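Protein sequences, first through last, are from chains V and U. If you count by this note's numbering, then the first sequence holds residues 404 to 811, one letter each, in order. If you count by this note's numbering, then the second sequence holds residues 239 to 527, one letter each, in order.
A few of these clues could be false.
With a cut-off of at most 20 angstroms between alpha-carbon atoms, the simulated DMTMM-like pairs for lysine to aspartate or glutamate come out as follows [as the list claims (entries may be wrong)]:
id, chain 1, residue 1, chain 2, residue 2
1, U, K459, V, E806
2, V, K572, V, E603
3, V, K486, U, D332
4, U, K459, V, D580
5, V, K542, V, E524
6, V, K596, V, E806
7, V, K708, V, D463
8, V, K711, V, D482
9, V, K796, V, D568
10, V, K593, V, E805
11, V, K572, V, E597
12, V, K486, U, D413
Where chain U lies over chain V, by a calculated footprint (3+ residues, C-beta under 8 angstroms) [as the list claims (entries may be wrong)]:
id, stretch
13, 445-455
14, 636-643
15, 779-789
To be clear, the hints were calculated from the coordinates, so they are not data collected in a lab. The model shown is predicted, which means the values in this text are computed figures rather than measured ones. For glycine and all other residues, C-beta sits at the position ideal for the given N, C-alpha and C.
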Amino acid sequence: MAKNFFALFKSGLVSLLALAVLLPQAQAQQPIRLGGIFIMSGAASVYGKFAQQGIQLAVDEINAAGGVLGRKLEFRIEDSQGKADVAIQAARKLVFQDRVDALLGLDSSGVATGLVPVMPELRRPLIITHAATPDATGKLCNRYTFRISVNVNQNMMAAAHVAADSGAKRWTTIGPDYAFGHQSWEYFSKYLKELKPDVELMKETAFPRFGNEDFTPFINSVMAAEPDGVLISVWGGDLVNFVRQARNLGFFDRDMQVLMTVGAATEVLSALGEDMPEGVWLGTRYWFDAHDNPVNQAFVKAYMKRYKTPPSYNAEGAYAAVYAYKAAMEKAGSADPEKVTEALSDLGFQAPNGEISFRAGDHQAVVGPTWGRAAAMNSDYGIRMLDPVRSFKGEDVTPSVEETGCRL
Amino acid sequence: MPSIIAALLNSLDIAMLLFVIAVGLNIIFGVLNIINFAHGGLYMLGAYFTYTLVGRLGLPFWPALLLAPLAVAAIAAVLERLVLYRVYGRHVTDSLLLTFALLLIIDEGVRMIWGSGIHVVRPPELLQGRVNFAGVSYPLYSAFVITSGVVLLAALWALFNRTRIGRVVRAAAIDRDMAQTIGINVPAVVTGVFAFGAWIAAIGGVVAAPMRAIDPGMGDKIIIESFIVVVIGGLGSFPGALLGALVLGLIHGFGGRYLPQINLVLPYIGMALVLLWRPHGLLGRRAAA
Chain V
404 MAKNFFALFK
414 SGLVSLLALA
424 VLLPQAQAQQ
434 PIRLGGIFIM
444 SGAASVYGKF
454 AQQGIQLAVD
464 EINAAGGVLG
474 RKLEFRIEDS
484 QGKADVAIQA
494 ARKLVFQDRV
504 DALLGLDSSG
514 VATGLVPVMP
524 ELRRPLIITH
534 AATPDATGKL
544 CNRYTFRISV
554 NVNQNMMAAA
564 HVAADSGAKR
574 WTTIGPDYAF
584 GHQSWEYFSK
594 YLKELKPDVE
604 LMKETAFPRF
614 GNEDFTPFIN
624 SVMAAEPDGV
634 LISVWGGDLV
644 NFVRQARNLG
654 FFDRDMQVLM
664 TVGAATEVLS
674 ALGEDMPEGV
684 WLGTRYWFDA
694 HDNPVNQAFV
704 KAYMKRYKTP
714 PSYNAEGAYA
724 AVYAYKAAME
734 KAGSADPEKV
744 TEALSDLGFQ
754 APNGEISFRA
764 GDHQAVVGPT
774 WGRAAAMNSD
784 YGIRMLDPVR
794 SFKGEDVTPS
804 VEETGCRL
Chain U
239 MPSIIAALLN
249 SLDIAMLLFV
259 IAVGLNIIFG
269 VLNIINFAHG
279 GLYMLGAYFT
289 YTLVGRLGLP
299 FWPALLLAPL
309 AVAAIAAVLE
319 RLVLYRVYGR
329 HVTDSLLLTF
339 ALLLIIDEGV
349 RMIWGSGIHV
359 VRPPELLQGR
369 VNFAGVSYPL
379 YSAFVITSGV
389 VLLAALWALF
399 NRTRIGRVVR
409 AAAIDRDMAQ
419 TIGINVPAVV
429 TGVFAFGAWI
439 AAIGGVVAAP
449 MRAIDPGMGD
459 KIIIESFIVV
469 VIGGLGSFPG
479 ALLGALVLGL
489 IHGFGGRYLP
499 QINLVLPYIG
509 MALVLLWRPH
519 GLLGRRAAA
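Only chain U is shown next, with the shape it has when bound in the complex:
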C-alpha cells in the first residue's frame, strides 16, 4: 500500500508541472490559434533566470518566483509584438515553423549566455527535507510543487470564469472580429495573453529549477511531454490540460514503478490509444480556454 501511495504522490508532482506548461500552451492556442513550440524555451528561461538570481546573485528563492516569470513575460510580449503577430491568420504550419525557430534561437541564446554546463538551484530552506504522509516519506519540495499546481489551477479557473478580464479573453478567443467591434482592443488582448502564457511557463521553470538539472536541453524535453499532454487532453481545452497531465503523470509514476521494461513506450501507447478512441483528445472540441 505505501508503494502505491508513493507512486500516486510522485505521479501528481510530475502531472502538476506538466499541467502548468500545457495549460499555457492551450491558453495561447485558444486565443492566438498558434501552437507555440517556443513555450519550452520560455519555461527554460524561467529556470535559467532563477539560476542567475538564486545561484549567482544569492537572492532567496521567493523573490525569484516573482521576478523571473515577469522578466520572461516581458520578453514574450516583445516577441509577440515584433515577430509573432505577422503570422496570425496564416496557415497553422507557418506559426509552427516560426515558433520552432524561436525555440532554437532561445536554446542557442541560452548556451551563449549561460554556457553549455549543467546547473542546479537549491530548494529554499523551508522546503528542504521530507515529510511523512500515510506511511510514505515524501520530499517536502514535491508537496510544494503539487500545492502550487493546485493554487495556479484554482486561480486560472477563477480568472477565466469569474472576472471581466476572463470574459474579454474568452470573447477574443471565440470571435475576434466581433470582439473588436464591441470595443475590445484585440491586439492588446492578444499580446497580453501571449505574455500571460509565457508567465505561466516561466513559473513552471522556476518551480522546476530546484528539482531538475538546468541545462540547454530542458526546454526541448518539456515541450515534447507537454505536446503529449495536449494531444491526450485535447488541444485548446483548459480541463483537457489538467486531465492530460494527470494521465501522463500516472503513466510515468506507475509505469516507471511497476512496468519498467516498457516505460519507454507507455506515454506513446497512451497517446495512440486516446487518438484512436477520441481523435480530438479526451476533452477536445470544447470551448477554448
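If we strip away everything but chain V, and leave its shape as in the complex, we get:
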C-alpha cells in the first residue's frame, strides 16, 4: 500500500514537472480574461444583472465564432455594492489576483469618481458602461479610462432640446443628492439657457437622499412652486417609489412637462408597468426599439430569445463594451493591456446603437441618448413603449474636448 502510494506520488511529481515545462507553450492558448465591476447586491442589483447578461451573451457569441485572436474569452464579475471603496478593492482583486486583461462596468457616478483615478496604477484599460459623471472623461480623465455609454453632458444636451421644444418656461428639478443629481441639473440649466435664453431656472429645487423611500415632502414642495417643467434625475428603485408617490399626489395631473433623464430603463419600466404615466418624456442611453441596423436587430433578437425580456441600456452598454475590446484587440493584434489601451483610442466600431468611436481627446464615445414619450403598454414585455421617439446623434450632443476639461 505504502509502496503503491509512493509510486503514485512519483508519477504525479513527474507529470507536474512535465506540465511546468509545457506551460509557457500552453499560455499562448490561455483565454483572454475580462473583469466586470457592477452593482450585484442591494436595491440597484437589477442593473448588474442586466449587465451580466449582456456580457454573457457577447462572450458566448464571440467564443462560438472562434474567440478573439484564436483565444477564448472569459469573464468574471465583482460586486461594487455601489460604493467607491468596494469597487477599488474589486478592481485590485481582478487585476492582481485574477489577472484579468481588461476591465469594464461601473454603475454609479460615485463609483466612477473613486475608481477612475486608480486606473493608471492598475495599468489595465477600463470601459465604463453606465456611470455618467462628466468627470470620468473630463477633469479626472486618464490614458486607461474609456466610456462607451452616454454621459451626463450628452444626455442633458438632448434633454435641453426636448425641454426647449416643449415650450415650458419655468423649470425645476428633483434629483438624487449626489454628483449625478446635481450635475444633471447644472448641465441641463446651462444648455437650456443657451437654447432658450428666456427660460427661468427656479431656485426651488429638490435633492432627496439617494435611497430615500418617501419622496412626498419633495414632491409637495415642487408642486407648491408651480413650475411649467420638471427635470427628474432620480433613478432605479428610487424612481419607482417616486413615480408611484407622485401619481398618488396628483403630480402628473398638472399641466406640466415632466422629463425623466433615465426613465426609460427597462428595469424601471417593467417594475412600474401601467403606473408609469402616459405622456411624460423618458430618456435612456439606449432604447432597443429605436435603432434600425443589423447589429441591433441581431442583438435584440438573441437577447430576447435567451432572457425573455428586451435588453435594457445597461445590458447594451456591457454587450457593446465586450465587442469594443474584441475590435481593439484585433486592431492591436494582441491582448496586451498597454497595446489594447492604445488601440481603443480613436477606435470606431459598430454597436447596437450605431457606429460609435472613442474620441482620442477624452476617450468618451461619441453617442447620443434616445428620448421618447411614454405611450401605450406593450403587453408582451409588460412595459410602456416610447412614442414619439427622438434618437440624438452623438455629434449633435457631445461637447468639445476643450469644454470637458480633459487633458490627456
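Keeping the supplied structure of chain V fixed, place chain U upon it in accordance with the hints.
This is chain U only, laid out in the frame that chain V set:
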C-alpha cells in the same frame, strides 16, 4: 397653512410605518435582550410575500394582510428555535453578529427566490385615489397607513397592559428566572415573543408594499431608519418607539419640505442632539415593553 398640514400628514404616515418596525425591535429587545438586525429582513419578507400573493397569484390585498405576516411569524419561530436561542445570555455583540448574518442570508435568499428586479404591488381598489382633508389633497392609502398604525398601537397597548398574556410577557422580560419558578414556560414565551415581533414587522412590510418599491435592499434601508428611531426614543421602550418614530417622521416630513439643502444630515443631527441630552434616548431606562 395647507402646506404645513400636508407636511404634517406626510410626517405621520412616515412615522407610523417606522413605529411599526421599531416597536417590534423594542419588544424583542425587552424580552430576548437581543438587538435584532434581521428585523429588516422580516419586514422585507412580508413585502415579498405580499408581492407573490397579490402580484403573482392575483389574490386581493386583504387576505395577504392576514397570510403574509403569519408566514413570516412561522419562519421567525423556526429561526428562534434553531439558531437564536444559542446566544441568549451571551454578550450582546454575539447576537448582533448573528442577527446581522441572518439579515444577509435573508437578503440573498430573497434575491435567489424573487430575483434582483424591482417589483410593485397596487393598493386595493378601495384605497386608490385621494381625499381632501383641510384643503389638502391626500392619498387615501396614506390615510390607511396612519389608521393601521394607530390601531396597532392601541391593540399592543391593550395587549401588554390589559391581558394575562401581556402580564406573562412582562414578567418574562423583567426576571426570567423568577418567571420560570412561578410556572411560566419561559422558552415558549420567548419563541412566541420573537414570532410576534416578526409578525408586526411583516405587517409593516405588507402595508409598505403598495407604496414602496419592493427590491432586495428594502430591508437594509428600513433597519437603519428604525435604529435611529430606537436610539431617539430609547431602546426597549414601547412609548419610546412611538415618540422616536414621530420625531423622525417630522424630521423627514418637514425637513424635506422646508430645509431640503440639509435633509440628508437632519436625522443624524437629531439623533446626535438626543444622545447628548439624554444618552439613553428620550424615554430610555423605562420598564421594557
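Here's how the hints hold up against the structure:
1. K459/U to E806/V: Roughly 39 angstroms between the alpha carbons, so the hint for K459/U and E806/V is violated.
2. K572/V to E603/V: 6 angstroms, holds
3. K486/V to D332/U: 27 angstroms, violated
4. K459/U to D580/V: OK: K459/U and D580/V at ~16 angstroms, within 20 angstroms.
5. K542/V to E524/V: 18 angstroms, holds
6. K596/V to E806/V: 17 angstroms, holds
7. K708/V to D463/V: 14 angstroms, holds
8. K711/V to D482/V: 24 angstroms, violated
9. K796/V to D568/V: 17 angstroms, holds
10. K593/V to E805/V: 16 angstroms, holds
11. K572/V to E597/V: At roughly 14 angstroms apart (the allowed maximum being 20 angstroms), E597/V and K572/V satisfy the hint.
12. K486/V to D413/U: This hinted pair is violated, its Cα atoms lying about 45 angstroms apart.
13. 445-455: Check passed, 7 qualifying residues.
14. 636-643: Check passed, 4 qualifying residues.
15. 779-789: The restraint on the stretch 779-789 of chain V is violated, since only 0 of its residues have a Cβ under 8 angstroms from chain U and three are required.
In the structure shown, a violation is registered for the earlier hints numbered 1, 3, 8, 12, 15, in ascending order.
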